[in-house]
Amino acid sequence: MQKIKEFIIEKFIFICGIASIFFVVLIFLFLLKEGLAVFKFVKPLEFLLGKNWYPISEPAQLGILPLVLGSLLVTLGAAVISIPIGVGCAIYIAEIAPLKIKETLKAGIELLAAIPSVVLGFIGMVTLVPLVKNIFHLPTGLTALSGSIMLAFMAMPTIVSIAEDALYSVPKNYKEGAFALGATHWQTIWRVMLPAASSGILAAVMLGIGRVIGETMAVMMITGNAAIMPNSILSPVRTLTATIAAEMGEAVVGSEHYFALFAIGIVLFVISFIINVTADLFLHKDQK
Amino acid sequence: MVNPVRNNKLAENAKMKDKNTISNGVKFAIKNLDIWFGTIHALKQVSMEIEANEILGAIGPSSSGKTTFLRMLNRLNDLSPNFRMNGEVKLENDNIKNIDAQFLRKRVGMVFALPLSLPLSIFDNVAYGVKMHGVKNKKLLQNKVEESLKEAYLWDEVKDRLNESAFKLSGGQQQRLCIARTLAVSPEVILFDEPCSGLDPISTAKVEDAMVKLKQKYTIVLVTNNVKQAARVSDRTAFFLNGELIELDKTELIFTGPKDKRTDGYIRGKFG
Ligand SMILES: Nc1ncnc2c1ncn2[C@@H]1O[C@H](COP(=O)(O)OP(=O)(O)OP(=O)(O)O)[C@@H](O)[C@H]1O
Ligand SMILES: [Mg+2]
Numbered sequence: 001m002q003k004i005k006e007f008i009i010e011k012f013i014f015i016c017g018i019a020s021i022f023f024v025v026l027i028f029l030f031l032l033k034e035g036l037a038v039f040k041f042v043k044p045l046e047f048l049l050g051k052n053w054y055p056i057s058e059p060a061q062l063g064i065l066p067l068v069l070g071s072l073l074v075t076l077g078a079a080v081i082s083i084p085i086g087v088g089c090a091i092y093i094a095e096i097a098p099l100k101i102k103e104t105l106k107a108g109i110e111l112l113a114a115i116p117s118v119v120l121g122f123i124g125m126v127t128l129v130p131l132v133k134n135i136f137h138l139p140t141g142l143t144a145l146s147g148s149i150m151l152a153f154m155a156m157p158t159i160v161s162i163a164e165d166a167l168y169s170v171p172k173n174y175k176e177g178a179f180a181l182g183a184t185h186w187q188t189i190w191r192v193m194l195p196a197a198s199s200g201i202l203a204a205v206m207l208g209i210g211r212v213i214g215e216t217m218a219v220m221m222i223t224g225n226a227a228i229m230p231n232s233i234l235s236p237v238r239t240l241t242a243t244i245a246a247e248m249g250e251a252v253v254g255s256e257h258y259f260a261l262f263a264i265g266i267v268l269f270v271i272s273f274i275i276n277v278t279a280d281l282f283l284h285k286d287q288k
Numbered sequence: 001m002v003n004p005v006r007n008n009k010l011a012e013n014a015k016m017k018d019k020n021t022i023s024n025g026v027k028f029a030i031k032n033l034d035i036w037f038g039t040i041h042a043l044k045q046v047s048m049e050i051e052a053n054e055i056l057g058a059i060g061p062s063s064s065g066k067t068t069f070l071r072m073l074n075r076l077n078d079l080s081p082n083f084r085m086n087g088e089v090k091l092e093n094d095n096i097k098n099i100d101a102q103f104l105r106k107r108v109g110m111v112f113a114l115p116l117s118l119p120l121s122i123f124d125n126v127a128y129g130v131k132m133h134g135v136k137n138k139k140l141l142q143n144k145v146e147e148s149l150k151e152a153y154l155w156d157e158v159k160d161r162l163n164e165s166a167f168k169l170s171g172g173q174q175q176r177l178c179i180a181r182t183l184a185v186s187p188e189v190i191l192f193d194e195p196c197s198g199l200d201p202i203s204t205a206k207v208e209d210a211m212v213k214l215k216q217k218y219t220i221v222l223v224t225n226n227v228k229q230a231a232r233v234s235d236r237t238a239f240f241l242n243g244e245l246i247e248l249d250k251t252e253l254i255f256t257g258p259k260d261k262r263t264d265g266y267i268r269g270k271f272g
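Top to bottom, those sequences are chains A and S. Under the working numbering, the first residue of the first sequence is numbered 1, with each subsequent residue one higher. Under the working numbering, the first residue of the second sequence is numbered 1, with each subsequent residue one higher.
It is worth saying that the hints were derived from the structure and are not from the lab. Here the structure is a predicted model, which means the values were calculated and not measured. Backbone N, C-alpha and C define an ideal beta-carbon position, used for all residues, glycine too. Treat the hints with care, since some could be wrong.
[Claimed, not checked] Straight-line alpha carbon distances no greater than 30 Å define the calculated DSBU-like cross-link-like pairs of lysine-lysine that follow:
#1 Lys-175/A with Lys-44/S
#2 Lys-175/A with Lys-206/S
#3 Lys-217/S with Lys-175/A
[Claimed, not checked] Covered by chain A, according to a simulated footprint, are these stretches of chain S (three or more residues, beta-carbon under 8 Å):
#4 47-57
#5 172-186
#6 192-205
#7 226-239
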């Protein structure tokens with residue numbers, strides 16, 4: 001009896017596992033099939049490096065370079081803001097903060113992670129956008145910078161919590177060894193804890209950035225959504241994700257525009273995949 | 001039981017003490033020391049003196065407070081959040097509370113139970129602490145590394161492979177590497193917490209040799225679970241039980257005619 005139960009449970013779990021893989025493969029195949037069809041209309045290089053994204057003009061121009069640059073610019077900005085603050089915060093929580101402040105901070109960060117991105121985008125739109133506009137005397141505050149700042153808030157919880165875990169898992173005797181040699185607290189953090197936790201911290205950063213690249217709602221609301229070649233962090237941009245979200249509804253099924261949006265999906269997929277794999281490599285470097 | 005080498009060592013040591021007159025040859029003076037971790041009373045009313053250039057052995061069953069005692073001397077206990085203490089510990093007339101922890105720990109070095117080699121070259125492992133304290137001059141570093149490795153009796157074994165990873169060394173060599181790293185920051189006192197617990201007899205003998213020679217320059221406190229090791233290398237031996245210092249005397253006396261029944265029992269138990 002027990003045996004049969006075991007058998008059924010085992011098989012059931014097996015099927016669940018297989019099913020998830022099956023669906024992933026299906027989705028991927030669908031994406032490939034629809035996306036690659038765009039190359040009937042435009043050459044791969046023209047698609048990736050073309051500077052004009054006019055999908056509904058006649059003839060359509062399907063160059064996604066401005067979108068790729070938009071995504072990269074926003075992401076880079078978010079990384080520059082969120083990495084130092086996030087890692088600094090993780091160090092503070094893991095090493096310096098007294099117990100009470102530590103608990104409060106951790107709760108605050110979890111709360112930040114729980115805010116839906118639309119809400120963040122909305123708050124950014126009414127507070128951050130006018131602020132950016134006034135500080136830099138711009139015609140509009142809907143810029144890549146605004147998006148970067150907003151996304152930095154989204155990446156931060158991921159970065160902080162994973163980097164903090166990485167710092168906690170540094171063996172205690174490393175730390176004591178450094179102290180026993182007469183290191184100050186800061187020397188111990190800088191010369192022992194950070195190097196020892198570096199792979200985990202890198203993974204934290206990669207996962208945080210992965211979240212930023214895939215983010216859609218908030219960026220769509222505050223980056224200005226202009227599919228033009230950006231010339232600075234203060235110009236309006238449009239990201240890959242926002243393009244798909246904004247245009248999928250109006251693209252005619254089977255048109256070149258429709259296929260192009262799927263191809264953008266592939267590009268996004270490849271980028272996130274690379275980031276996740278890199279993060280994974282860093283995370284599991286120590287276990288191997 | 002008492003080996004002849006030891007007697008010579010004691011005589012030698014007596015001479016050393018005459019030479020070394022810093023605060024009458026007393027390195028550490030500990031008075032009425034109580035230590036708690038939360039509700040655990042880890043050390044109870046411990047008073048003793050640790051003399052300069054002696055090897056003080058500390059023995060006792062598990063959880064008797066040996067490590068706590070040792071980590072008091074370089075204030076490593078301060079890292080535990082629920083640590084509390086009462087009483088006084090003086091290093092050459094200065095209460096260690098009033099010495100900046102990082103300066104105290106430079107003067108009072110520590111070697112841990114497991115060799116803590118860093119994923120660096122042999123050279124960099126030894127130079128680690130020195131570099132951290134701001135020495136950048138290459139020549140100076142090289143001299144310091146060589147000198148420390150010689151003092152730890154490791155130089156001959158590694159002098160041709162200083163740039164190899166420290167992980168290629170055997171356990172015993174790694175432990176002596178850690179000793180060299182501690183020596184490189186020029187301490188006065190070296191604390192050993194069961195330094196040979198993971199080593200084979202031959203490596204153990206080498207580490208013990210190093211310790212005996214080191215006491216010419218340094219004061220050594222050795223916590224050990226191996227009673228025979230205390231008998232072999234220490235000049236005086238302290239017996240801890242349940243956080244109390246039961247007895248502290250010349251090693252011969254502890255091992256031939258301890259005053260306290262409990263000391264006797266522990267030593268016999270370990271030998272029996
Ligand atoms: N950081 C700490 N937090 C809480 N309790 C501690 C801490 N360090 C030591 N203790 C407690 O203090 C008591 C003495 O421990 P200590 O490590 O000094 O024993 P020991 O004699 O070194 O034992 P062993 O031979 O097993 O190493 C034990 O009851 C231990 O649980
Ligand atoms: Mg111990």
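Tested hints:
1. Lys-175/A with Lys-44/S: Cα-Cα ~28 Å, so holds.
2. Lys-175/A with Lys-206/S: 27 Å, holds
3. Lys-217/S with Lys-175/A: Distance ~27 Å between Lys-217/S and Lys-175/A Cα, so the pair holds.
4. 47-57: With 0 residues closer than 8 Å to chain A, the segment 47-57 of chain S misses the three-residue bar; violated.
5. 172-186: holds (count 3)
6. 192-205: violated (count 0)
7. 226-239: Result for this restraint: violated, n = 0.
Violated hints, listed in ascending order, are 4, 6 and 7; each of the other numbered hints is respected by the structure.
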